[in-house]
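Just need the whole structure built from these sequences, with the hints factored in.
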Amino acid sequence: MFGRIKQGRQSLKGVRKMNNKKKLLLIDGNSVAFRAFFALHQSLERFVNHSGLHTNAIYGFNTMLDNIIEKTAPTHALVAFDAGKQTFRTAKFSDYKGGRSKTPTELSEQLPYLQKLLTAYGMKSYELKEYEADDIIGTLAKRAEEDGFEVVIVTGDRDLTQLATPKTTVAVTQKGVSEVENYTPEHVLEKYGITPAQIVDMKGLVGDSSDNYPGVAKVGEKTALKLLKQFGSLEALYENLDQLKPSKMKEHLEEDRETAFLCKDLARIRQNAPVSLELAELAWAGENDEQLTSFYEEMDFKSFLRKRAAKNPAEQPERSIKKFAYTVLDEQTITKSNFQAQQGISFYLEMSGANYHQAPLVGFVLVLGAQYFVSRDCKLLQHPKLRQLLADPKVKVDLFDGKRTFVGLARLGINLTAIDFDLLLVSYLLNTSENSNDLGKLAQLHGYEDVRSDEEIYGKGAKYQIPTDDKIFFGHLCSKAHAITTLKAPLLLKLKENQQEELYLKMERPLSLVLGAMELAGIKVDQARLEQMGSEFKERIKEVELEIYNEAGEEFNLNSPKQLGVILFEKLKLPVIKKTKTGYSTAVGVLEQLRGMAPIVDNILKYRQIAKIQSTYVEGLLKYISPKDSKVHTRYTQTLTATGRLSSVDPNLQNIPIRLPEGKKIRQVFVPRKAGWEIFSSDYSQIELRVLAHISHDENMQTAFKAGADIHANTAMQIFGLDAPTQVTPNMRRQAKAVNFGIVYGISDYGLAQNIGITRKQAKAFIERYFEIFPGVHEYMKRIVEQAHAKGYVETLFKRRRYLPDIKSKNYNLRSFSERTAMNTPIQGSAADIIKVAMINMQKMLQQEKLQAVMLLQVHDELIFEAPDDEIERLEKLVPQVMDQAVSLEVPLKVESSHGSTWFDTK
DNA sequence: CGTATCACG
DNA sequence: ACGTACGTGATACGG
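Numbers 295 to 1201, taken from my numbering, label the letters of the first sequence in order.
There could be a bad hint or two in this list.
[Stated by the list, open to error] Estimated spans, in silico, between C-beta atoms of each pair:
| no. | residue 1 | residue 2 | range |
| --- | --- | --- | --- |
| 1 | Lys865 | Glu749 | 43 to 49 Å |
| 2 | Gly392 | Gly753 | 50 to 56 Å |
| 3 | Arg967 | Gln634 | 37 to 43 Å |
| 4 | Glu592 | Glu795 | 37 to 43 Å |
Everything labelled a hint here was simulated from the structure, so no lab data went into it. Glycine included, C-beta positions come from ideal geometry on N, C-alpha and C.
Written out as structure tokens, the structure reads:
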């Protein structure tokens, strides 16, 4: 035994092969190429090589291939293709696959190169006259199984799941191609409730619109599955048709009997096709490095080239990215050097960690003209010469993430004021859905390849480490600075093309410094009070916990939905209302329906509520209180959300509890920085509906806002056809409010029904009534979806853009989601624009008026300040004025203010 | 590291 | 026939 291990060390590969089972990889070539093509269709024009060839399908195919090889490590492989239009299926049914639009030339031109790729991979491909790729795959899968192989099939076509067996897995590509869903017989059963063998019975009943065979009229997946569960097969169903009660469905079944059997036959993948290949011929020895590298060069696949280079250390030095001649700074060189900037400079400040309020400053690069200066010692930046350079309002700085740099420099006592180009911000504005904050990754998205991602250089998780090798570290910093310089002109041009210059110059760029200042200011937390609240909550948690264990008759982990599910639904036999992917749902909605059936339910709800407050807001917040100033300094993420909103992290101060009294108490610990100061808060009232009234130009809704009406009551009055606001009951107002919210979210009858607990029919009626009353809103919803279709994106009032690539998807879910997003984003996004403008103006105003008041927080429609008592009166006039006048809409904006000794005491 | 849950607008 | 409200972040499990 020990001998074998020794042997294994000498020839690990050989031993592995002997121990491992034979594994055959079968790829449905046409289907995967097709999927790859459409998955990357959005970026079709970005995937063009130097000779003008489209390469997106090849690229996608390659991605899939790499992933599947890594995951499955096959010993044998084959890629099967369809041979042509004529097959035995068209002979049986002439319209088979009829009505298919012909393959786009952008795809068909890629197919010969796909063959080249496969050759470089050392993989055989095969096609067979009269048969489709499916049949080749089915046949070989069967033969391989009989020969003791394990088989993995990759395809974009769900029909192939009929081939799943205990030894054959069918991997169906997901929306992209890099991810797959693995169909084992168990998974098929779980998903459809039938066996793989029954898939063909289902296809017989349902038909297939893409292959253009009809099945039985009016029978869809749901009905088919029900019938199959009852009868088992198409044959059995028809033998026992008389068991069915007379119905339309039965008539259809009778009428379409022949079609059903024909369709089943068409759907059945042949496993005895005359495939003239021996399994031994499919043995896969791995890719041909040289061929593959030259193929990638031909295709301009830089990322795959890099990946190969990384795998082959021998090639590494030649393939390493651009080298920089840099000067390492120290006191002496600084004294000697001339830092007079002719034009602007580029600057990058590196920190070890994401939280720039505390992360160690580990290095910087400063670019003047063609000179690169670097150092690990960031204190050098405090040298008068460098400090003056960075703080000089006339020296424009190009950088990546101005806010982060601003805060980092502030920690060194340096005030950065003049930012010109912020790569992170511009990149975000160009596409709000690309929200990576890694310079390397973003640069690559914009086609600049000569910079690595931080993850590549520094590693991640436990392995994260700033390299000790100067060449690597400084080289990386220089390449980042170079990426900023190189991308400046092209990205600013794109910004201009999109008419987003003003959005950048007047809104996001100044805002980044306003946010930086707010973060630096921080908000003070009364730690003693928070700790005291913590011990009170702890005691209550203990009490409730004991009661729950009593009622359950045992102790268990209350925080585990899994264990809780077992107690509630198995031990106590409460009815199962909803299931999740992994088991029983125990979410609030579910528990609320179980209320009254067992006292344990109320206690669980209570426990959840308090445990949440304790873990997230007491213990969570305590971790962030700075011992230096007793404050918490959140970070606002300015380049994350697809709509243009901010988000807040470490800690998140945008979701401090307010709805329930126990949670709201947390707000008592947020206090002003000094005695004799107060917390002051102003919020926009119904800003999103006002924005909707503006962009839809709906007269009725505008009238309501102009009259200063209670908008939800007004809506209720009109929906329910009442004459006076006094007739509106609280319940009517509640329902109308939900409808208003639903409208803002891009309404669906299902969503509304679920939200207010009415039937879908009732919800639908509500919506229809709503659109009658507010025809302008209806028009807007139609218009914006059309526009998203035509242009591929939607815009906010200030031209913030969100692309919606799925708006044309054939997948109902994806398409519907995009449609709702198209309706919602201009509303939510414009509201976000407006408060951003207000923040910039407010910060200016505070300075101008020489107020001591400090802007501390933004919570989407609310601004929170702290100020000396004697400034409160002025703020009460000033803040609403500035917020009101941030923009001029067709309806007035409304701002409400309040103040008090803690955040709790505002409103 | 993905999932469930729950906090906010 | 399908299966959805829009946008976020933190915490706790459990593989």
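Verification of the supplied hints:
Roughly 46 Å separates the CB atoms of Lys865 and Glu749, a value that falls within the hinted 43 to 49 Å. Checked against the hint of 50 to 56 Å, the C-beta distance between Gly392 and Gly753 comes to roughly 54 Å, which is consistent with it. Roughly 40 Å separates the CB atoms of Arg967 and Gln634, a value that falls within the hinted 37 to 43 Å. For the pair Glu592 and Glu795, the beta carbons lie near 38 Å from each other, so the given range of 37 to 43 Å is met.
Going through the hint list in order, the structure satisfies each hint without exception.
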